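Undergrad: Listed below are the residues making up each chain.
There are 4 protein chains.
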Amino acid sequence: MAKRKCIPVAVYGATGYVGAELLRLLAAHPVFAVRFVAARQARGRMLAEELPPLGAWAEGLRIQGVEEAPPEEVALAFLALPHGASAAIAARLYARGVRIVDLSADFRHPDAKEYARTYEASHPHPELLAEAVYGLAEHARKALAAARLIANPGCYPTATLLALVPLLRAGVLDPARIVVDAKSGVSGAGRAAKRELGFSEVNESLRAYGLPRHRHQVEMETQAGLLAGVRPQLRFVPHLVPMTRGMLVTIHAEGDVRRWHGVLTSAYRGCPFVRVLEEGRLPATKHVLGTNRCDIGVVPLGAHTGVIVSVIDNLGKGAAGQAVQNANIAFGLAETTGLSSQALWP
Amino acid sequence: MAKRKCIPVAVYGATGYVGAELLRLLAAHPVFAVRFVAARQARGRMLAEELPPLGAWAEGLRIQGVEEAPPEEVALAFLALPHGASAAIAARLYARGVRIVDLSADFRHPDAKEYARTYEASHPHPELLAEAVYGLAEHARKALAAARLIANPGCYPTATLLALVPLLRAGVLDPARIVVDAKSGVSGAGRAAKRELGFSEVNESLRAYGLPRHRHQVEMETQAGLLAGVRPQLRFVPHLVPMTRGMLVTIHAEGDVRRWHGVLTSAYRGCPFVRVLEEGRLPATKHVLGTNRCDIGVVPLGAHTGVIVSVIDNLGKGAAGQAVQNANIAFGLAETTGLSSQALWP
Amino acid sequence: MAKRKCIPVAVYGATGYVGAELLRLLAAHPVFAVRFVAARQARGRMLAEELPPLGAWAEGLRIQGVEEAPPEEVALAFLALPHGASAAIAARLYARGVRIVDLSADFRHPDAKEYARTYEASHPHPELLAEAVYGLAEHARKALAAARLIANPGCYPTATLLALVPLLRAGVLDPARIVVDAKSGVSGAGRAAKRELGFSEVNESLRAYGLPRHRHQVEMETQAGLLAGVRPQLRFVPHLVPMTRGMLVTIHAEGDVRRWHGVLTSAYRGCPFVRVLEEGRLPATKHVLGTNRCDIGVVPLGAHTGVIVSVIDNLGKGAAGQAVQNANIAFGLAETTGLSSQALWP
Amino acid sequence: MAKRKCIPVAVYGATGYVGAELLRLLAAHPVFAVRFVAARQARGRMLAEELPPLGAWAEGLRIQGVEEAPPEEVALAFLALPHGASAAIAARLYARGVRIVDLSADFRHPDAKEYARTYEASHPHPELLAEAVYGLAEHARKALAAARLIANPGCYPTATLLALVPLLRAGVLDPARIVVDAKSGVSGAGRAAKRELGFSEVNESLRAYGLPRHRHQVEMETQAGLLAGVRPQLRFVPHLVPMTRGMLVTIHAEGDVRRWHGVLTSAYRGCPFVRVLEEGRLPATKHVLGTNRCDIGVVPLGAHTGVIVSVIDNLGKGAAGQAVQNANIAFGLAETTGLSSQALWP
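Residue numbers (our numbering), protein chains in the order written: chain R, 65 to 410; chain X, 65 to 410; chain H, 65 to 410; chain S, 65 to 410.
Note that these hints are calculated values from the structure, not bench results. Do not take every clue at face value.
No distinction is drawn between identical chains; accordingly, a pair holds when it is met within one copy or between any pair of copies.
[Said to hold, decoys possible] Lysine to any residue pairs mimicking SDA-like chemistry, simulated, CA-CA at most 25 Å apart:
no., residue 1, residue 2
1, Lys206, Leu291
2, Lys177, Leu365
3, Lys177, Ala155
4, Lys69, Ala398
Since the model is a prediction, treat every value here as computed from it, not as a measurement.
Make a model of the complete structure from these sequences and hints.
TA: Take a look at the structure:
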């Protein structure tokens, strides 16, 4: 694991799905070097035994408790912890000068009151909210370059906002008439043992969930408002799909549909991870499996109505991939460092 | 297979997925007795070899060509053939006095011009269109009782219309503002060998398809208009989900949302195959696997917006199940004869 | 649910996978009528809410605690409880004169010492062991007709013994050289929430488990010895396959391979649920999904070696299906009453 | 795609599953640079359209016909073509001095007669057979270093031989008593449209196939004989598992079982891609998904019998991964160059 000129990093929540994906990416990263892994439940066990998928790379790393301090040289920490638990650790690391990419929801809401309403708990460190940069990488590069605390976007917000923000900003999409019909693979629900996530319950089944108001809806409306200058009203319905990874968001919207494709194409010119397909073509989640990519398809339906379909890997661009991308930007590295653009296929 | 007072039936297109499901249901049916099976490609082969899932029941049945005449005593024929191919055979059987349940699209459009536009071919037997009864069973019982030619609804139309028709008829849903975001298992695409339906391509993937205008959209708009008295405008987007069977339709709509649940509950009181869940609860496709059921969930989101989610087994209520239900009604049998209401679960 | 001349039955462990499958079968059974359902955890809740797949049939049934007494008229009880918990309830019902089909392992071992060694607990009611009939239906019809306590075989033993017993009895298979390489769908592991059975862990993965000695191995060796007159030595390795239902057992064996197909064909002539395929043909689990069938394929490889492949639905013939078959026999009904032979396919 | 000091390479059969995996790996390879892609059916089309999973990397590459000559500078060619078709192209490239890694079966059999018997066709270029090095990388490093024509092993042989060869060579495993019960994901069957590989047929199903004698059996026996000095007799039964990627081989064998773990551990000490688990632990295919790894578990069952379980990704170590590994060795690069050891998980 020795790397020259490496930047030592810590990963919290290492044994969850997002944590495991972070470790997979960091194992192959040429600059960030994992020096510390922590988890709430597997404390004291060897990482290699907890995560055989990591192979020999993980050998020798022992999982620490999340309350333990990482080594002095650690300059960057990824927090893949549940909301609520994350903020306290973030505050401690922040005070030490460690840069933070927080993958929980704790710093995604600029307003502590909105956080409290959405998560039904008062925010443990509201004083840090103003420090946090919302890391929708393609729309926050400047702020990220100086960021010390990065709030990594949720998976649904990432797929949705990448499609919506340029269109809202350009004024070609009616912000009051947006249906976001979203579909997620099961890994998005996390690794905790739950009967309703058992293979036999989920396999060969499809269902909507999280109604009437999923927490990501507020995040999307607020951040769209900040990034695009106009706060949309979303009608958001998420679904659980019998596949492990992958997220597809179908946006049914109205506006100047003939301009949508052009606006999106311009917005993402030069962006290595966002690809706008030819007008009329539709993306598939399997085309981005294991990558940090987002593929977007645009199809006008009528004179004023159309559909935008956006796909990501919920653990990639929707979580760990974007977290590494954000950290790359924050440390002045090329945005693509250590990130794959070729999907595992088939 | 001997049954007393049985009604001899024929099944065309026996080796496709819909045909196989028809045979599964008819094997267990106490009145309809399969006397003739035909298919376009497996002609001359033994049914038991082509469809081992049917077990010993299929032994002794040889697959006939679709051009061959069924035995004299056949009183009912199920046609599970591609559109275009179906109408010619229907016409011949109709002339012989055989009652017909046609599972193709050939008789779903009352207007030959609409058919021609939608299927890009002139209708082979427009003179029969006026004879056909559109078999959305719960909304056509009277007409079905006297029907000689039944047009079995498509799978998307079945799941969608069962949710929409009562609401449109009651005037509590805005017909101009309906988004139908639909998701189907792969068996809906049929059994023909296609690379894009191979396991390795479909598994762990999700995609939208059929845009800008899937053929079922016209069927839905037209039949909703006829059944509800008001023709809605639908924005319809179908998706392919990595599961074999199951269909879920998410309807994002506007109107007098507080009345939706009551209207639907009243509409389907006493209907053995349609179940309206408690308000706020959401159905799952696996809860109706292998059945002729449709489960419907209603969730108000705002003052005037809400979501209706409808699930069926695309080969059950979406095809073969409803076909048997329609035939039951046409022959004066109890609607539920030979049809299961308990899903195969897990 | 009213049925004339019905036999009132109770189902214990109603909300597990085996219990749910029992209820699905009993809902469609023309004689057995469910009067009492009990479960250890869902006590007091409505069955219809716990098991939406059962549809309207389940409405009105409240789940009782397993300690509560079933109504007087109950003549038959199915116990789908964990081993250990089952025997105590069986003893109580037995004393009341209720006939019992026990789907746990509690009465599968005629010897209390063998049970104790295998399950690491002394048997709670050894006095009942001599009463129990091992319900491998095709090989125990006579004993079953008079049985008051039926030990329903495990899923692996069912698929394995149906293939092995006739060959061992005929002396055409070497009992000392048998490899049983078995593969099971995930539902065989039960419904309890476990991280290693989560969709994201199991999907797209395959693994062996249960080594060096799975509990079913002893059951198979002992019962094969009793049924065939010669106790084989098995080398048994089970695997977990990413599918919900289905079990395939590959038996690699030696002996007079040219006689295998004939011996098996003769043994199962007239058996409605066991089908020996033409020599050289191989079965698939999907061909028996949802049924009480067992399909067996025989392929000679060399002069003295060959392969036998046996498939069942682990919840059907491997559990609930065979339980109903056994109860049918015990109550003098036709063996096939209420049981399907046509698989849900595709 | 510009790389300094790169080695220009060609990929034939680029649009099949093995070809796509080769391209995925080569896209991330720091030395090999793809200059030419050819396929038999997609000739003339753009690679980026045929394989959206490759993302922007593929843009600009046009698919050539397999008969066309690659650019002069191409020094290495990967042939992912069907057997029979491959040898002719190999011969042409060989004559030009291009090094070849052939992923078909054409050069895996040192004896033209054995090839003819197995593939029922005479070998098109028997004069090249003596030139070919069988590329089971861990057992052929020296020969590979000088190889101009590398026969890449089949997937079943790779997983099987990595487990067997050290044990046979050490004389601790009886070569006459080996059962190889193998299970493969569906991608191993290739990308051609076939009804029996359709999602709805394969999903939720498991079956054995390829009996009485799969072609890989001969390859395994012959190559084991050459590599270990003793030709084993295998009883080989392959199965098709409902997952896209992954292969698990269960070897039931006899011998000095207490020495197996030690022999294997010694044999693969220092091998980056083969990992022998602690004795008694069992591997899972998902732990090696997308990698070039092979994980091996050893479990003694009795005094002289035991089980060895070996897992690979059939498209990784079983095909494209090992091909790149072999090419790395042949060109004097570090064996691990461009190859991942961390699985995509979950």
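Undergrad: If the cut is 25 Å between Cα atoms, do lysine 177 and alanine 155 qualify within a copy, between copies, both or neither?
TA: Within one copy only: 19 Å inside, 60 Å across.
Undergrad: Within, between, both or neither: how does the pair lysine 69, alanine 398 come out at a Cα-Cα threshold of 25 Å?
TA: both (15 Å within a copy, 22 Å between copies)
Undergrad: For the identical chains here, do lysine 206 and leucine 291 meet the 25 Å Cα criterion within one copy, between copies, both, or neither?
TA: within (13 Å within a copy, 57 Å between copies)
Undergrad: Under a CA distance limit of 25 Å, which applies to lysine 177 and leucine 365: within one copy, between copies, both, or neither?
TA: between (39 Å within a copy, 22 Å between copies)
Every hint, counting from the list given before, is met by this structure.
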